[in-house]
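Chemist: Dock chains B, C, D, E and F against chain A, hints included.
So the sequence lines, in the order shown, correspond to chains A, B, C, D, E and F.
Numbered per the UniProt record's numbering, the first sequence spans residues 1 to 341.
Numbered per the UniProt record's numbering, the second sequence spans residues 1 to 341.
Numbered per the UniProt record's numbering, the third sequence spans residues 1 to 341.
Numbered per the UniProt record's numbering, the fourth sequence spans residues 1 to 341.
Numbered per the UniProt record's numbering, the fifth sequence spans residues 1 to 341.
Numbered per the UniProt record's numbering, the sixth sequence spans residues 1 to 341.
Worth flagging that the hints you see were computed from the coordinates, not collected in a lab.
The model shown is predicted, which means the values in this text are computed figures rather than measured ones.
There may be inaccurate statements among the hints.
[Claimed, not checked] In silico lysine-lysine, DSS-like type, Cα no more than 27 Å apart, as pairs: (1) 172(A) x 340(B); (2) 172(B) x 172(C); (3) 340(D) x 172(F); (4) 340(C) x 340(A); (5) 172(E) x 340(F); (6) 340(E) x 172(D).
Protein chains: 6
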Amino acid sequence: MSGRIVCFGELLLRLAAPGRELLLQSPALEVRIGGAEANVGVSLARFGHDVGMLGTVADNALGRAALGELRRHGVDTRAVRMAGGRMGLYFLATGAGHRPSEVLYDRAASAFASAPASGYDWDALLRGAAWLHLSGVTPALGAATAAAAADAVRAAVASGVRVSFDGNFRPKLWAAWDGDPATILRPLLEGAEIAFADHRDIDVVLGAEAGDPPDTHEQRFARAARRAFEAFPRLQRIACTTRVQSSVEHHALGALMATRGGGLHRVEPRELPAIVDRIGGGDAFAAGVLHGLVLGWDDADSLRFGHAAGCLKHAVPGDFNLCDADDVMALVRGERLDVKR
Amino acid sequence: MSGRIVCFGELLLRLAAPGRELLLQSPALEVRIGGAEANVGVSLARFGHDVGMLGTVADNALGRAALGELRRHGVDTRAVRMAGGRMGLYFLATGAGHRPSEVLYDRAASAFASAPASGYDWDALLRGAAWLHLSGVTPALGAATAAAAADAVRAAVASGVRVSFDGNFRPKLWAAWDGDPATILRPLLEGAEIAFADHRDIDVVLGAEAGDPPDTHEQRFARAARRAFEAFPRLQRIACTTRVQSSVEHHALGALMATRGGGLHRVEPRELPAIVDRIGGGDAFAAGVLHGLVLGWDDADSLRFGHAAGCLKHAVPGDFNLCDADDVMALVRGERLDVKR
Amino acid sequence: MSGRIVCFGELLLRLAAPGRELLLQSPALEVRIGGAEANVGVSLARFGHDVGMLGTVADNALGRAALGELRRHGVDTRAVRMAGGRMGLYFLATGAGHRPSEVLYDRAASAFASAPASGYDWDALLRGAAWLHLSGVTPALGAATAAAAADAVRAAVASGVRVSFDGNFRPKLWAAWDGDPATILRPLLEGAEIAFADHRDIDVVLGAEAGDPPDTHEQRFARAARRAFEAFPRLQRIACTTRVQSSVEHHALGALMATRGGGLHRVEPRELPAIVDRIGGGDAFAAGVLHGLVLGWDDADSLRFGHAAGCLKHAVPGDFNLCDADDVMALVRGERLDVKR
Amino acid sequence: MSGRIVCFGELLLRLAAPGRELLLQSPALEVRIGGAEANVGVSLARFGHDVGMLGTVADNALGRAALGELRRHGVDTRAVRMAGGRMGLYFLATGAGHRPSEVLYDRAASAFASAPASGYDWDALLRGAAWLHLSGVTPALGAATAAAAADAVRAAVASGVRVSFDGNFRPKLWAAWDGDPATILRPLLEGAEIAFADHRDIDVVLGAEAGDPPDTHEQRFARAARRAFEAFPRLQRIACTTRVQSSVEHHALGALMATRGGGLHRVEPRELPAIVDRIGGGDAFAAGVLHGLVLGWDDADSLRFGHAAGCLKHAVPGDFNLCDADDVMALVRGERLDVKR
Amino acid sequence: MSGRIVCFGELLLRLAAPGRELLLQSPALEVRIGGAEANVGVSLARFGHDVGMLGTVADNALGRAALGELRRHGVDTRAVRMAGGRMGLYFLATGAGHRPSEVLYDRAASAFASAPASGYDWDALLRGAAWLHLSGVTPALGAATAAAAADAVRAAVASGVRVSFDGNFRPKLWAAWDGDPATILRPLLEGAEIAFADHRDIDVVLGAEAGDPPDTHEQRFARAARRAFEAFPRLQRIACTTRVQSSVEHHALGALMATRGGGLHRVEPRELPAIVDRIGGGDAFAAGVLHGLVLGWDDADSLRFGHAAGCLKHAVPGDFNLCDADDVMALVRGERLDVKR
Amino acid sequence: MSGRIVCFGELLLRLAAPGRELLLQSPALEVRIGGAEANVGVSLARFGHDVGMLGTVADNALGRAALGELRRHGVDTRAVRMAGGRMGLYFLATGAGHRPSEVLYDRAASAFASAPASGYDWDALLRGAAWLHLSGVTPALGAATAAAAADAVRAAVASGVRVSFDGNFRPKLWAAWDGDPATILRPLLEGAEIAFADHRDIDVVLGAEAGDPPDTHEQRFARAARRAFEAFPRLQRIACTTRVQSSVEHHALGALMATRGGGLHRVEPRELPAIVDRIGGGDAFAAGVLHGLVLGWDDADSLRFGHAAGCLKHAVPGDFNLCDADDVMALVRGERLDVKR
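One chain only, chain A, in its complex shape (with noise of 0.2 Å):
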């Protein structure tokens, strides 16, 4: 495979209860690992990537499992950083029919949050990196993660190593302190090739344009793209996805990519009847994206692609997408569903 991507983020422990039930219905919890750039760095590395997480956890037996877990799945650990303060959590009851998935997050006072930017050193930590990627909940986080992910991109920039930017904007994370999600953000995509976002992420940066809003969200995420391209330079590619919920486990979705050069590619919406797991469907399509950004495919195919694995992503259970490539393939060219043996 083509270089080494590093991603740098929270990772997080996902405390679920178990099938459909409410949170503690019944006393148990079923434990996953999570984290949006854990997720596409797993992902990545299912599918052959050299990949290696950069971040801090918590010097303790969940921060241990964490890092256990991310190198079950091929992702290298080494440049972690163990530090004292506590595990990220967020406990999850997923829903079914018309009764949401519910989250509650239990991040505060994390051993990632109140890590000093100051403990990174960006250049050893890319050295050798092709890529780093990145998303709009780290610098949310606080001002310690806010001037971190600062310092990474521009650090990588520097260096030449390629930077992937995924919005991922959380209204509550922005709340709890004082930070301006448009200063911050900001420098983020201005240092990035792609970014993963829609027209929301796009308006929280460049504000929101004058005039009514185009009819479409195909035609708004288009001309939100076009503002960034003109407002970040570097910026080549954005894509997102494109979802419609019937009901909890029954959703379409589908993809757009627009281009510098003015294209916009589409994937028409799939239908997805009895999804298992929502979470990191997002990010499972970024790590589809970027397979084949990496790999030099052309844009439709990596779109293709990345749609693919954001559906079926939505078919196993955890953040985390444990298909391989061939998995992905195998949607992308419609093989029969009937069972392999």
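Modeler: Frame of chain A, contents of chains B, C, D, E and F only:
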């Protein structure tokens, strides 16, 4: 909230095969607590009402566990009697596709069914209550519970406690002894201000009307309601759900309410495409309608709330609707279904 | 019931990942027993027939457990031989959405595959039997089982035991050794009165016909059936299911039966919208058709019963169809799907 | 092996809290099948004997599952009747340390207890049997089962079937109706060739002897045995275990056998330091002694085998002793305890 | 029972690895509720007392579940406040043999620790109470809880509510901020009538005495008790357990109580040979002693009851002692340990 | 740490019955990964060493899962080959009391056993390694692995990589083919600097000495060690554990080490009274001794550490000793066993 609601009925242990297995296909049973009236009580307590349970449970570890489970969900159990005898049980194998769910009742000789009617001091039990809720299951269990139900309604009417009655007609239970349902159920309907019933429940008490039945379920319901309002002057409202099943997991659920003044409110059927647990759906509906009624909402709003509550119950494992009023209102308002975080 | 049915084939342990997980995603496996012919036998025993299993299992705790499981479901296992060697296994990861289920066979060097044909005393094993059922999986395992299958059919024909043969063509198994499927399968079809097979199974033995294939699956099936009736004079009926898959959980299942007299019976496809376990669906269909045949039903009724049995199997966890004949008849009659209580 | 053994008694479902939890501390129950006589039957079948179960179970999924479990372990269940009524249950919370295990019986109105004695055709049921095993639990359940037990013993004696009787005196069961144990149990002991009983069981039938009891348990047992041999001329052997409990998990188990000729065999107590499941220990002992007796071993060897079987049962989860004869002999011979591989 | 008991302290979720596994060795956690003061409250409620919980929990699904669990066991939770912030957690890996159990606290920034002391209206909270129980864990959490504990004791003394204080000295908690334990704990001991404490707890407040310590633990305890009675005139009794551990599962547990009059009561150590769950043993002891005290038993009986309760707790999974008073008395009386049926 | 350690051997999937159940008593298996050399490798990685695994696994989901589990615990798996064939399995039923644990090997025709010796490029595989660890299980599997083991040791000696050899003599494996253990094992011992072996392992290679054996196990060990030091000049140390079993859960474990200079180090037996998992105890001991050796500790300290590690392993579920060096040192130092919090 507006006044205490007391629910009189039997508590049952539900012993269910795991997942979609047949009974004892594997050697494990999942235990939950249920019972038509307790289901209503728990749901109302989750909605914020002051709810008390009335009845009798076995004075053993199972009975104590059943009470503990009600308390856990906020229902006051101090007035439930403990007596000799066994706990009623039911075994459940949840079906799938075109294989129906099966319930195997094992409630013979239960402490509740055996408890003498004279053991309930209704003046004391109803003190402070605004509403009494009971159902047609209780009088169906035998002479003792039939007498107790009649006493309860009589005492409620005498002391100004409003009565809610759910028909829940179960021919198998009545067939097991020589009680005449028409005779026994009539005074309960006579005391009720609201009945959860469809045309079959009404026909049981009033006899089937001569002539051809109307064409549609709604017309049959409306005609039965008119007959009931004539026969039972205290009765103000009759409500029921409508249900069409295309597979075990996929129903369409609507709701109807007739009012003494001749009004007929309707909630159009909603598709329930991936049902988790259908049991208790009617009780959740009743609790939802009562919620509106107790709070003084208008009938259409109460019916809409009850219908949404009934729909949500199908997405909650166990007999109880564990959703709170905000969850129900979110569905009434049609809020989006994506992960809440 | 009308006469003992003996089933000859391999018993397998199925080791499945929990729920919709990938293999070893979490460190647990659910164990069930299966095998194409055993699946037919268990289903027929649940329908009330006198069924005996024939074959060889490993003389260890796993082999004994497999036999115990057959006995549990009413199959007589006294004639199964115990021998050295290992039990055949298969690992299963049930898919979801657009991620297909995967079966990982681990049946090399099994006690069944290694058992010499000379070890079976067919006169004794078939004594008292009215029917022998076997499938194309057994001869595919190697020279020893190919010889044993041929011996079994020869002895059955000689002693007036009627033969039921399920094609079950598995190219991977045949590819693992130098057996020629056409040569080896021919005598099995020659002995059979009924074959569960579609045009692909027939083509394997008779070779593909020259010229363009007919347009529809049904036409292809009808033409293949005509060729088979010409080639195999004992053969009276050929039956198969038809399957269209829109996702891993949603298939449409129909059925076809051709008879020597030129008849073609068809059961229109039924939607199976929330499949629990697709494995063993074809075996359940075969058992259902055989049930009718053994009882002397007419062909259309037998096919309808087989089709309904096959549909129900998709709602039962494990390889076995554990529904009884009443359950199947309820689906044939289209009884309502609400909770049976 | 030497002759068929039939066991007459009730099958029970055991519903146990997981691990060392209290009942319903968490919402799950582990299901196993038991019953004093079935326990003996399964153990004998595992030792290689031809064993048949006699009795009545509920004609529902639970009754069928109980029979299936016996078949799984090699017991012939074809002669068990299916009837209306419920299955007897017992709930179990396994204790620990100084907290005793608790059994909550829920066997009122069971199909077995309700089955009329006239429904058993003992001539047919005993045909081909060499031994009949039954216990004092059966007559304790009520007049119907008391009559059935008496009929069974009478028919066995008449037709030369040897009778094995296990005292299993349970005061609580007798207290629930007006049966006189001395009167009812006497004919059972009169018919028996071997009784599993200690001095308390004998005293129930013969009355307590006047004067001070002997000093030791062994002396009391020997004196009671002498009285029994005088009173019951058919009786040849009486055997019992001795048990000293220092905690719920740590017992010392010995065994005694008195013979008509005046012999007294003793197996010194063995420490059982980490008991997994104490229930069924006495039944495993009885099966072990019967195994030797049926095979014509001398009394001391039979007792040693029975004692070792009883000890091993404490290491097997569930009511059944699932060890085979080689396992028992390994303990008799004192083979080493390290992992067998 | 004699008067309401209120317990003030933090509720925690305990997330434990299954069986004897290390944390996250497999991806599951068992959830229970605990907290030193809640443990005492639940045990007293199970003994039949009127018990109320005081404190603050997070206003989310986890906090509500914790309250539900207390209600399930009979504790009144209406006075517990709901507030923003997170629930305190602790992760537990139960040890074995010579591998100690490990607790990983994750209680930083909990709703309880963050709740301002001014938020508690002690006059209202103590109304109707006869006893207030609290422990040294609460003031150790920070300035806010230290102030709240002081306020609680002051209000209790002022209004004639008797105070029970459990030392529970945890150096790690105190080390996390600049609170001086001697200064902060002194007023709590000054208000207490009974203290559960050993010489280490006393030394924390009064300082270590000069000179060599006495030879035995009992002498050290007695001397510390004398110093405490001198320093704290309200204090009437000091009690503690003694514990010797030969392995993680095998302890010997004794108990001591010193009284103001100079009495020293002792319960000789009892072997606990197969400990199920050691956590909460001290709280169960305290609840047992309080039970006797509240009922007006003499000190020796109270101590014996407390000791037996503490022993039994080691046989109950979870933090709570779920045994009732009869269970405890059975151990005090030395009743036999065989299965209760 | 001091130099990379590579471990050459087979990875196995362990499929274990839950708790103390017999195999397939209930339909579930717990999966863990093991293998004598992998066990050593994982333990050393947990102690902080740089460890690499060498060998061959099946190129399927099971092989990948086994590698993932090693990585999770910090072992580098990049040099393990993937090949056709199956994964070796073993089924485990953990015993109890006087019922021994049983292992059912199912490793015939595994990818490891089938891998040709020529497929390993030992110069590359040993590059950078300071130590090579292997065991007598590998050559026992057949000619291919015997040749591979010989090649490995030859290459190690040639390139200055120190060799650690664990005897692990398994007569059953050798009996399955015509390899002569003495001939095959001799060159492995010739290359080793340390051997984990007792007198039986030595006798296999050197033949039993004439004359009566010494009285004690220790004397036998010492004499065998002297013979080995004479025969194998590279050998510096021989170490073994001593084990006395009073029940399946209660052993006493000691340790011995003989050194070329004539020294004999002994660790007195420690009681292990509640063993969780005995499998891998010897491997944990070997890893502990190697830890000291690699760090240059003196022999007595290394043996003490190895012994403590072996003891701790008995308290850890699974084959791997997951304790870290601090845990082991705490036991060496005799730290207290109470809950660490």
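Chemist: Hint by hint, say whether it matches the structure.
Modeler: Structure-based check of all given hints:
no., hint, verdict
1, 172(A) x 340(B), "11 Å, holds"
2, 172(B) x 172(C), "54 Å, violated"
3, 340(D) x 172(F), "11 Å, holds"
4, 340(C) x 340(A), "36 Å, violated"
5, 172(E) x 340(F), "11 Å, holds"
6, 340(E) x 172(D), "11 Å, holds"
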